[in-house]
Amino acid sequence: MLRARGRLISLEAPLLMGVLNVTPDSFSDGGRYLDPEAAVTQACAMVEQGAGLIDIGAESSRPGSDPVDQDEEIRRLIPVVKEVCRRVPVPVSIDTTKARVARLALEEGAAIVNDISALRFDPQMGAVVAEAGAGLVLMHMQGTPKTMQQAPSYGDVVQEVRQFFVERIVAAGEAGIGPEQILLDPGIGFGKNLSHNLLLLAQLDAFVPLGRPILVGVSRKAFIGQVLDRPVGDRLMGTAAAVAVAILHGARVLRVHDVGLMRDVVKVVEAIKSYQPSALSQKLNADG
Numbered sequence: 001m002l003r004a005r006g007r008l009i010s011l012e013a014p015l016l017m018g019v020l021n022v023t024p025d026s027f028s029d030g031g032r033y034l035d036p037e038a039a040v041t042q043a044c045a046m047v048e049q050g051a052g053l054i055d056i057g058a059e060s061s062r063p064g065s066d067p068v069d070q071d072e073e074i075r076r077l078i079p080v081v082k083e084v085c086r087r088v089p090v091p092v093s094i095d096t097t098k099a100r101v102a103r104l105a106l107e108e109g110a111a112i113v114n115d116i117s118a119l120r121f122d123p124q125m126g127a128v129v130a131e132a133g134a135g136l137v138l139m140h141m142q143g144t145p146k147t148m149q150q151a152p153s154y155g156d157v158v159q160e161v162r163q164f165f166v167e168r169i170v171a172a173g174e175a176g177i178g179p180e181q182i183l184l185d186p187g188i189g190f191g192k193n194l195s196h197n198l199l200l201l202a203q204l205d206a207f208v209p210l211g212r213p214i215l216v217g218v219s220r221k222a223f224i225g226q227v228l229d230r231p232v233g234d235r236l237m238g239t240a241a242a243v244a245v246a247i248l249h250g251a252r253v254l255r256v257h258d259v260g261l262m263r264d265v266v267k268v269v270e271a272i273k274s275y276q277p278s279a280l281s282q283k284l285n286a287d288g
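According to our numbering, the residues represented by the sequence shown are 1 to 288, in order.
If you are wondering where the hints come from, they were derived from the structure by calculation, not from laboratory data.
Each residue gets a CB set at the ideal place from its N, CA and C atoms; glycine is no exception.
Some hints here could point you the wrong way.
[As the list claims (entries may be wrong)] Label pairs and their computed distance ranges (CB to CB):
#1 Leu34 with Ser278: 46 to 52 Å
#2 Ile272 with Gln163: 21 to 27 Å
#3 Gly260 with Arg100: 32 to 38 Å
#4 Ala45 with Arg230: 23 to 29 Å
#5 Asp69 with Tyr154: 28 to 34 Å
#6 Asp264 with Met1: 24 to 30 Å
#7 Asp156 with Pro67: 26 to 32 Å
#8 Ser10 with Ala202: 23 to 29 Å
#9 Arg100 with Ile272: 40 to 46 Å
Construct the complete structure from the given sequences, taking the supplied hints into account.
Dropping the structure here:
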């Protein structure tokens, strides 16, 4: 369960978070939804396809990208947030590291702040989230988007990400953000090489004991291209495989571009999981 601005969002079944980039330079769909009406149309389409959340971002965080000026981020983002919040029935998440941007988006009806810096880049972000009672995604990233893929290094990537989560949950609590407001994102592709990404997915269940839902974003990412030797536009099947593995290892929110197709992946994985011995035993006991 996630609490976000008075809403209780059930995560009993995995939830799809549809990605909506209002940027000219995102790695996957940059420039397609710069027009506010096109962005709103896409958000509505993703909800119809099965998205339970919409995540809107106006600053690309692809490897090597430069920060976007705050005023430009606001210019791109806020008109879209306002209209999407008015027209879709699901909670809206804002992908930003800037407190002022988050505050304005929350004022327009956004429910969740997806902060790839985990409250580290803007000292005011925690207070903004706490005041609004918003949901918060705490994501792990080594470095910044500009530098994160310059030879990332770990002793034990799983344990280091786990310790990072422990520390950021404490920091969020000190800002007045309750654990029930928090999602944890291991940051696949954010300051990790291929081995790091594969290890994190293979051992994702190491984060489950922390007691907060896990969000995973693998959609069309470079590690899939490395495994398959495929360009961004030809990574759909690889994305489906990674999404399935993430669910099996404990992910409750999947951040994806191809909502309709990934909905089918979720349905099949959940059907299979329902026949695992532990789940089947619970089902038989309930029937009896």
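We went through each hint and held it up to the structure:
no., hint, in the structure
1, Leu34 with Ser278: 46 to 52 Å, "holds, 47 Å"
2, Ile272 with Gln163: 21 to 27 Å, "violated, 32 Å"
3, Gly260 with Arg100: 32 to 38 Å, "holds, 35 Å"
4, Ala45 with Arg230: 23 to 29 Å, "holds, 25 Å"
5, Asp69 with Tyr154: 28 to 34 Å, "holds, 32 Å"
6, Asp264 with Met1: 24 to 30 Å, "holds, 25 Å"
7, Asp156 with Pro67: 26 to 32 Å, "holds, 30 Å"
8, Ser10 with Ala202: 23 to 29 Å, "holds, 27 Å"
9, Arg100 with Ile272: 40 to 46 Å, "holds, 45 Å"
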